[in-house]
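S.K.: Going down the list, the protein sequences come from chains A and B.
Per the numbering used here, residue 1 is the first one in the first sequence, and the count goes up by one each step.
Per the numbering used here, residue 1 is the first one in the second sequence, and the count goes up by one each step.
No wet-lab data here; the hints were simulated from the structure.
Just to be clear, a hint being listed does not mean it is correct.
25 angstroms max Cα-Cα, derived DSS-like pairs, lysine-lysine [what the hints assert, rightly or not]:
id : chain 1 : residue 1 : chain 2 : residue 2
1  : B       : Lys291    : A       : Lys76
2  : B       : Lys270    : B       : Lys173
3  : A       : Lys79     : B       : Lys83
4  : A       : Lys106    : A       : Lys51
5  : A       : Lys51     : A       : Lys120
6  : A       : Lys183    : A       : Lys75
7  : B       : Lys291    : A       : Lys75
8  : A       : Lys106    : A       : Lys74
9  : B       : Lys173    : B       : Lys273
10 : B       : Lys291    : A       : Lys78
11 : A       : Lys74     : B       : Lys291
12 : B       : Lys173    : B       : Lys83
13 : A       : Lys183    : A       : Lys74
14 : A       : Lys183    : A       : Lys78
15 : A       : Lys147    : A       : Lys76
16 : A       : Lys212    : A       : Lys106
17 : B       : Lys83     : A       : Lys147
18 : A       : Lys51     : A       : Lys75
Derived list of chain A stretches under chain B, where covered just means 3 residues or more per stretch with a C-beta under 8 angstroms from a C-beta of chain B [unchecked claim]:
id : region
19 : 56 to 64
20 : 84 to 90
21 : 142 to 148
22 : 180 to 190
23 : 235 to 247
Please read these numbers as outputs of a predicted model, since none were measured by experiment.
We treat Cβ as the ideally placed atom computed from N, Cα and C, and that holds for glycine.
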Amino acid sequence: MFRRRISTTIFLSLLLPIAAARAGNGPESVQVEPENVVIGIFHSGQTIRVKASAPASEGIVIRVTGPDEPLVLKKKGKKYGLVWMNVGEVHYEAVPTLYLLRSSHKLNELATPETLSRLKLGFDALRDRIPAESQGGARDLFSDLVKLKQRDRLFSSEAGGVELDSSEPGRLEARGEFFLPPKTPVGDYTVDVFRFQGGQGSLMGSVTIHLKRGAVVSSIASLAANHGLVYGCLAVAVAVLAGLGTGFIFRR
Amino acid sequence: MEFDIYLPVAGNSVHVLLLVGLGGLVGLLSGLFGVGGGFLLTPLLIMIGIPPTVAAASDSNQIVAASTSGTFAHARGGTVDFKMGILMLVGGLIGGTLGVRIIQYLRAMGEANFVITVTYVVMLGSIGSYMFHDSLRGLRRAAIERGLEPSPRGRSSYARLVSALPWKIDFRKSGIRRSLLMPLLLGGMVGVLAAIMGVGGGFIMVPVMVYLLRMPMHVVVGTSLFQILFTCANVTVMQAWMNHTVDFILALLLLFGSVVGAQIGARIGKRLKADQLKILMSVIVLVVMVKMLLGLVIAPEIMLSYTGGH
């Protein structure tokens, strides 16, 4: 009987953080709004609001990441010592499709580079994952990859982007806002919230955001992908009709 | 308030008015000069966040609309030489196929990028400079139709070669008599260059018609548009079929602007003199060439770029 109570208690205590993360009223909780994003024809990106509640901590980091994908980019270099042009390719085995980071403090104030690397927090941690002997100097050119992704707003890192509220004794409320740019590919994205105390970081909770196409966008993309010849002929027919129609309108 | 529209194939959203405005600008150039405008619009689309492959393919789609609109306007005015256009189109298709083979060979050699870039700058620079010089000379002499006559320097060996070629036929719309081989060979040459450079070739075709075929400028514009219509329709279908890179919504918004721009361009063109048209086009060609040259000699800010595009 006593053993059964013990095992029940252990089982419930293991479940507690999960339930708390979902319900948002436990010792550690993460709430994301919205969790489902539908790309309609007038979609111009989506703001994601993250709210986390934790015991008093030194700092909070929120990270939104997409799945890792291989990426091939053109490398620029000087040809014949004269002109800058594409001189080869750089292959990255696994680059997150999205990497947005907000922190309450500068990352180096919260933990050591080793801890940040272990938790995959910050661009340096992403670079550390690339093998030193990578093809085409991928590791050396990683800062350029970050610049390229930042230009598309698919990568960002912002210290001070998480607001902290410690008005409740022993508790810490954290809020962060993220903008999913329209260029974000459809798929599932993970929101991870980390709390830092004494240089140590731990994952408080994760929530998945689902980004999917709406009916109209999905139909057009599907037609283009699966019935290319029909789609191409339709596109040409509409263009010719539009050209002729305008010709008639302007005929005088 | 929200005027952004999501482009399903490009996977990005862009302001509606920006796309219509860009289409209008390129359509204006198309109606005015008989060029597709791909050499100008594709880089602009890439600049506003459209993936290079989608920009190039969707651009072809909208050029179909603009060139249809422009051809219609010119055909009504009797300034399309269909016979010449069809012959050059046949030559262009053969030349285009040959050009694709040349590019495949150069890619295998690892020299394709260098050859493409150098070809671009040399072609734009030489065509632009020659047109600018020639039209400036024409304007100075104040002879309205002088630009349509063969230049004294060009008469010599080139004129003898032209007159020696067999199978001469009349091109009534252009008011010239030329060998059947000329439009086929010159169309083929433009096709080779267009395939190597990855563009429709209007900005090469127009000077070829003016200076090598000696066609009147106003017939050149309409005939060039007629030909571009077929070239770009073919490219659109092939890109949609093989690469799935045509964004119809993007093309639709661009063509809203371009079909209107093409009509306005054709009307403005009728009021301008041949040399005025040529000097305007040469300035645009030279500006694009200088921009490309600067892009080649100035170190890029980011040493990586996405794959695809021209």
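S.K.: Determine for every hint whether it applies to the structure shown.
M.R.: To see whether the hints hold, each was checked on the structure:
{"no.": "1", "hint": "B/Lys291 / A/Lys76", "in the structure": "holds (18 angstroms)"}
{"no.": "2", "hint": "B/Lys270 / B/Lys173", "in the structure": "holds (16 angstroms)"}
{"no.": "3", "hint": "A/Lys79 / B/Lys83", "in the structure": "violated (44 angstroms)"}
{"no.": "4", "hint": "A/Lys106 / A/Lys51", "in the structure": "holds (19 angstroms)"}
{"no.": "5", "hint": "A/Lys51 / A/Lys120", "in the structure": "holds (21 angstroms)"}
{"no.": "6", "hint": "A/Lys183 / A/Lys75", "in the structure": "holds (22 angstroms)"}
{"no.": "7", "hint": "B/Lys291 / A/Lys75", "in the structure": "holds (20 angstroms)"}
{"no.": "8", "hint": "A/Lys106 / A/Lys74", "in the structure": "violated (32 angstroms)"}
{"no.": "9", "hint": "B/Lys173 / B/Lys273", "in the structure": "holds (18 angstroms)"}
{"no.": "10", "hint": "B/Lys291 / A/Lys78", "in the structure": "holds (18 angstroms)"}
{"no.": "11", "hint": "A/Lys74 / B/Lys291", "in the structure": "holds (21 angstroms)"}
{"no.": "12", "hint": "B/Lys173 / B/Lys83", "in the structure": "holds (9 angstroms)"}
{"no.": "13", "hint": "A/Lys183 / A/Lys74", "in the structure": "holds (20 angstroms)"}
{"no.": "14", "hint": "A/Lys183 / A/Lys78", "in the structure": "violated (31 angstroms)"}
{"no.": "15", "hint": "A/Lys147 / A/Lys76", "in the structure": "holds (14 angstroms)"}
{"no.": "16", "hint": "A/Lys212 / A/Lys106", "in the structure": "violated (33 angstroms)"}
{"no.": "17", "hint": "B/Lys83 / A/Lys147", "in the structure": "violated (52 angstroms)"}
{"no.": "18", "hint": "A/Lys51 / A/Lys75", "in the structure": "violated (40 angstroms)"}
{"no.": "19", "hint": "56 to 64", "in the structure": "violated (count 0)"}
{"no.": "20", "hint": "84 to 90", "in the structure": "holds (count 6)"}
{"no.": "21", "hint": "142 to 148", "in the structure": "holds (count 4)"}
{"no.": "22", "hint": "180 to 190", "in the structure": "holds (count 3)"}
{"no.": "23", "hint": "235 to 247", "in the structure": "holds (count 11)"}
Of the numbered hints listed earlier, those contradicted by the structure are 3, 8, 14, 16, 17, 18 and 19.
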